[in-house]
Amino acid sequence: MLDRPTRPGPQDSAPPPPTFSGHDGLDHEEPLLFEIGRLDASGVDFDSPEPFEDRLGGLARTAPIGLPGLSEPEAVRHYVRLSRKNYSIDAGIFPLGSCTMKHNPRLNEKMARLPGFADIHPLQPQTTVQGALAAMQELSDWLTTLTGAAAVALPPKAGAHGELCGLMAIKTALRARGEAETRKIVLIPQSAHGTNPASAALLGFEARALSAGEDGVVSVEAVRAAAGPDTAAIMLTNPNTCGLFERDIAAIAEVVHAAGGYVYCDGANFNAIAGLARPGDFGVDAMHLNLHKTFSTPHGGGGPGAGPVVLSERLAPFAPVPFLRRGTDGALRLVEQPEGQSFGRLSAFHGQMGMFVRALTYMLSHGGDGLTQASRDAVLSANYLRASLRDVMSQPFGDRICMHEVLFDDAFLKDTGVTTLDFAKAMIDEGYHPMTVYFPLVAHGAMLIEPTESESKASLDAFVATLRALCKAASDGETGRFTQAPRRAPRRRLDETLAARKPVLRWSADSSQSR
Amino acid sequence: MRYHPLAEADRAEMLDAIGAAHIEELFAAAGDALLKKPLDLPCGRSEMAVERHMSALAARNTPASSVPFFLGAGAYRHHVPASVDHLIQRSEFMTSYTPYQPEIAQGTLQYLFEFQTQVALLTGMEVANASMYDGSTATVEAVLMAHRVTKRRKAVLSGALHPHYAEAVRTLSTLAGDDVISLAPDVSGQEDLIGAIDAETSCVVAQTPDVFGNLRDLRGLAQACHDNGALLVVVVTEIVSLGLVTSPGEMGADIVVCEGQSLGNGLNFGGPYVGLFATRAEFVRQAPGRLAGQTVDADGRRAFTLTLSTREQHIRRDKATSNICTNSGLCALAFSIHLTLLGETGLRRLAGVNHAGAVALAKELAQIDGVEVLNSVFFNEFTLRVPGDAAVLVETLAAHGVMAGVPVSRLLPGAGLDDLLLVACTETVTPQDRAAFVDALEGAL
Amino acid sequence: MIGYTKDHEYARIDGDVATIGITDFAQSQLGDIVFVDLPPPGKRIEKGKELAVVESVKAASDVFSPLTGDVVEVNAALGGAPSLVNEDPLGQGWLVKLRLSPSAETGELMDEPAYAALVANA
Chain A
1 MLDRPTRPGP
11 QDSAPPPPTF
21 SGHDGLDHEE
31 PLLFEIGRLD
41 ASGVDFDSPE
51 PFEDRLGGLA
61 RTAPIGLPGL
71 SEPEAVRHYV
81 RLSRKNYSID
91 AGIFPLGSCT
101 MKHNPRLNEK
111 MARLPGFADI
121 HPLQPQTTVQ
131 GALAAMQELS
141 DWLTTLTGAA
151 AVALPPKAGA
161 HGELCGLMAI
171 KTALRARGEA
181 ETRKIVLIPQ
191 SAHGTNPASA
201 ALLGFEARAL
211 SAGEDGVVSV
221 EAVRAAAGPD
231 TAAIMLTNPN
241 TCGLFERDIA
251 AIAEVVHAAG
261 GYVYCDGANF
271 NAIAGLARPG
281 DFGVDAMHLN
291 LHKTFSTPHG
301 GGGPGAGPVV
311 LSERLAPFAP
321 VPFLRRGTDG
331 ALRLVEQPEG
341 QSFGRLSAFH
351 GQMGMFVRAL
361 TYMLSHGGDG
371 LTQASRDAVL
381 SANYLRASLR
391 DVMSQPFGDR
401 ICMHEVLFDD
411 AFLKDTGVTT
421 LDFAKAMIDE
431 GYHPMTVYFP
441 LVAHGAMLIE
451 PTESESKASL
461 DAFVATLRAL
471 CKAASDGETG
481 RFTQAPRRAP
491 RRRLDETLAA
501 RKPVLRWSAD
511 SSQSR
Chain B
516 MRYHPLAEAD
526 RAEMLDAIGA
536 AHIEELFAAA
546 GDALLKKPLD
556 LPCGRSEMAV
566 ERHMSALAAR
576 NTPASSVPFF
586 LGAGAYRHHV
596 PASVDHLIQR
606 SEFMTSYTPY
616 QPEIAQGTLQ
626 YLFEFQTQVA
636 LLTGMEVANA
646 SMYDGSTATV
656 EAVLMAHRVT
666 KRRKAVLSGA
676 LHPHYAEAVR
686 TLSTLAGDDV
696 ISLAPDVSGQ
706 EDLIGAIDAE
716 TSCVVAQTPD
726 VFGNLRDLRG
736 LAQACHDNGA
746 LLVVVVTEIV
756 SLGLVTSPGE
766 MGADIVVCEG
776 QSLGNGLNFG
786 GPYVGLFATR
796 AEFVRQAPGR
806 LAGQTVDADG
816 RRAFTLTLST
826 REQHIRRDKA
836 TSNICTNSGL
846 CALAFSIHLT
856 LLGETGLRRL
866 AGVNHAGAVA
876 LAKELAQIDG
886 VEVLNSVFFN
896 EFTLRVPGDA
906 AVLVETLAAH
916 GVMAGVPVSR
926 LLPGAGLDDL
936 LLVACTETVT
946 PQDRAAFVDA
956 LEGAL
Chain C
961 MIGYTKDHEY
971 ARIDGDVATI
981 GITDFAQSQL
991 GDIVFVDLPP
1001 PGKRIEKGKE
1011 LAVVESVKAA
1021 SDVFSPLTGD
1031 VVEVNAALGG
1041 APSLVNEDPL
1051 GQGWLVKLRL
1061 SPSAETGELM
1071 DEPAYAALVA
1081 NA
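Protein chains in written order, with our numbering: chain A, 1 to 515; chain B, 516 to 960; chain C, 961 to 1082.
So here's chain A without its partners, still in its complex pose:
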């Protein structure tokens, strides 16, 4: 029988014809929910309610809402198909600078889903949630020990929210001294993340830019010149967003304290120094930790995060509610009404408990020794990338030891016709999520690479080999490879101008939606 061959026959080299379905093998196109769902479909079943007289006071909805439903099989297919259009850490290195895209341990997920953590209400009697309060206390102890801080405020829901919390404590401290009206300036390096000046502005502070020196770090002299009786605080990131340790930070903190101001540290880059250095030792008054960065809680496609803030002795009295207190009977209690000089409540309930459980699980799994090893490996990996790429990519502050991330600029692409953006899009075709681009603003066409400790050497070597090949392709004049990229992703480059000029922010029944 020769009608079922068991090896491939002669092949032609013509490009494949377009498919009839619009799909591409395992990669499926997927319409919007509103194009496939039906108002009368549902994937959930309930018993109908017992007959009742409603007590809605005439406020019952009359018109349809317009929400389509899907059966469970259809819903699963819809979301599985959507998921396959996303890059993820589980699929490949995610070298985003200052994001710390480390592995998300699955034990974290299992622990967070224990009914004793997942199925408890924030306002249950406190006697019925002592285990949850104990977990929060343990997490607090780890955070204060790691940072050398006097206290920690757990409520902030993300890093930016933590910045707001820290600045609120600072403003409250200034008010207590009667200096809130005279001290309105917050000194912020130009390399800082945009959330820093945004948070300051929300509280009525004026953000004043500090420039870094030629070596990429903020100098004591620059701070001495800028700090004065109008200084409320300085906001520093350490290591900074160029991947460099702010070596003058202790001296800077002294200058700011002597001038009567406070020191806020953006803890986004704590993964470089966890277990190896304590911000409390170099004069930091408030620092937020990003549990979704340093402490492995998942990024979830953009959230949720958690941003607890550690506080120095100077600022601890102003911490928000709720906070934990142990009673004489040994029981833990959440103090929910402001006492003393607390600045009050930031948000409802007690903070991102689900992320606390995950972060604590991570800390217990690693231990102090493991966290230290993680920081060392993170810094080692970033420097390994630096050493492997320094001859083909350009560094804006010269070739020097970096911390957990390495910063390049676009000087090496000069005269190639390839921009940082093009280079990033070509990485997508190579199967890599691009590094952070165009941040920090102090480098032209910045490329900020943070490998984290979660990459094997083989993974790092493969990444290096690809970047080296791309650099060579750029200098060899293969501009099409870059300017036409990506060609192998679910979509090619998008028209972002159109999206901003004619914003379409939702599906509507009367719009013609083209595929």
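Hints were generated in silico from the structure; no laboratory data involved. Quick caveat, the model's predicted, so the values are computed rather than measured. C-beta atoms are modelled at their ideal positions from N, C-alpha and C, and glycine is treated no differently.
Derived lysine-lysine pairs resembling DSS-like cross-links, with alpha carbons at most 30 Å apart:
| id | chain 1 | residue 1 | chain 2 | residue 2 |
| --- | --- | --- | --- | --- |
| 1 | C | K1003 | B | K666 |
| 2 | B | K666 | A | K502 |
| 3 | A | K184 | B | K834 |
| 4 | C | K1007 | B | K834 |
| 5 | A | K184 | C | K1003 |
| 6 | A | K414 | A | K472 |
| 7 | A | K502 | C | K1003 |
| 8 | C | K1003 | B | K834 |
| 9 | C | K1009 | C | K966 |
| 10 | A | K414 | C | K1018 |
| 11 | B | K552 | A | K457 |
| 12 | C | K1057 | B | K666 |
| 13 | C | K1018 | A | K472 |
| 14 | C | K1057 | A | K502 |
| 15 | B | K834 | A | K502 |
| 16 | A | K502 | C | K1018 |
Simulated DEER-style distance windows between Cβ atoms:
| id | chain 1 | residue 1 | chain 2 | residue 2 | range |
| --- | --- | --- | --- | --- | --- |
| 17 | C | D1022 | A | E478 | 37 to 45 Å |
| 18 | C | D974 | B | G744 | 33 to 41 Å |
| 19 | B | G815 | A | P17 | 17 to 25 Å |
| 20 | B | D713 | A | E35 | 41 to 49 Å |
| 21 | A | P8 | B | P557 | 54 to 62 Å |
Derived list of chain A stretches under chain B, where covered just means 3 residues or more per stretch with a C-beta under 8 Å from a C-beta of chain B:
| id | stretch |
| --- | --- |
| 22 | 239-249 |
| 23 | 303-309 |
Based on these hints, arrange chains B and C on the given structure of chain A.
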């Protein structure tokens, strides 16, 4: 160290390539800041040992599923279909990042576009964002946005707004130098919010169902706000109510903020939750948070991308509409999947079951001597007046295996409302649970 | 007459009304303009203060007023077609018309050759 792929041999090779003899050389810039000895922290433990430790902590808590459970006050116990948690744990959802490279994030961007549409439809508004942290911070952001739109800086807060939400608004306003008028706690639903509006009011913030459970007709208030050039901000803490009740958009709201936790997201002791934020199209450039928008790619195919980013902190810095950077990503996805599984009919039925159960429970409790249900209109939560201290009663009932609700004194201590109890009744409450509550309450009084 | 500033704004003056916009160089630096935030009619703008905000996808640029005056008209066409600022910045892409104050600083503007030299060296 089971999460660290590098082996000692790898580290040695890497140091060699760098040209450093020891790892410490890479930390030289830290100078004196570097610790001379390890911190006093426990060593890493095996997966089994960590699991044992965390399970022991979890075991010291009373989960809602183990007892008849009637707590609400801004966080509600609902049934989440099994497939939701499976889907959100897919690698490509859970371990992906903010969709800044849209070509390889169409999954995230499309579900955010769908989520935004669902939120707009539910709230009866024209446009919604890709989520905020939670309902309370969304309320704070709504007040700030109202200040920007009206160019005024005074907010009026209903006395039946969730006290945590009101406190969050007051905290920021006090520190930012803005004015807040907070009306006294209003159990009856009869407070005169209209009378509190003047020419400096930027917005009135009203909640429905309110924290005491009352459903509010806000049409008159909306008109009064607009007559005075102010905005109406409506807060909804129980999103399931919108399956049965007139939407805030239909009542004339300008900004609607909700807590979305009831759909897709469990109680989780207060977080992570998901804030919904919806407003009029004309105000969208003043809105905070991420926005997913539709466009086309280079081949003309429909695609989605983050847009109107110039409002946000990473571009506008100190002139941004907010400092928010993360949204509530995975929680927003869980919300959206749950709502997709429900669909219109499912949501209506779910809301109907909630209301019917609450109506039945209210009737049963009202028959107990000394106990009074204060609300005439409500959705799935109402206020009970009990003889004596409600907080003490709750502890007594908890000891007898019934979680009876939230004493108002937990949220408003010292307000003279110590005899009031907030009771919620969702679809997870069975007739047996209701009977257990009635029995336990009768026994305690 | 038409005068320019070093921040790449122009002012076309006709009697006591100046038509103000950004130059061709400025629009080319900003990329595709997606939105223009314009002041309300009647507002008084001092020289050097923020007059408008021109937004592209990735940036928002403040436009500072080259002269002191009161806003008499803003270019309503930009609402539906912000691209006019890219396509015809000195013509249909104008931003704001100001009624100049008597002491308006017209003498401090650069003339065309001076501005062209500035751009050539940029």
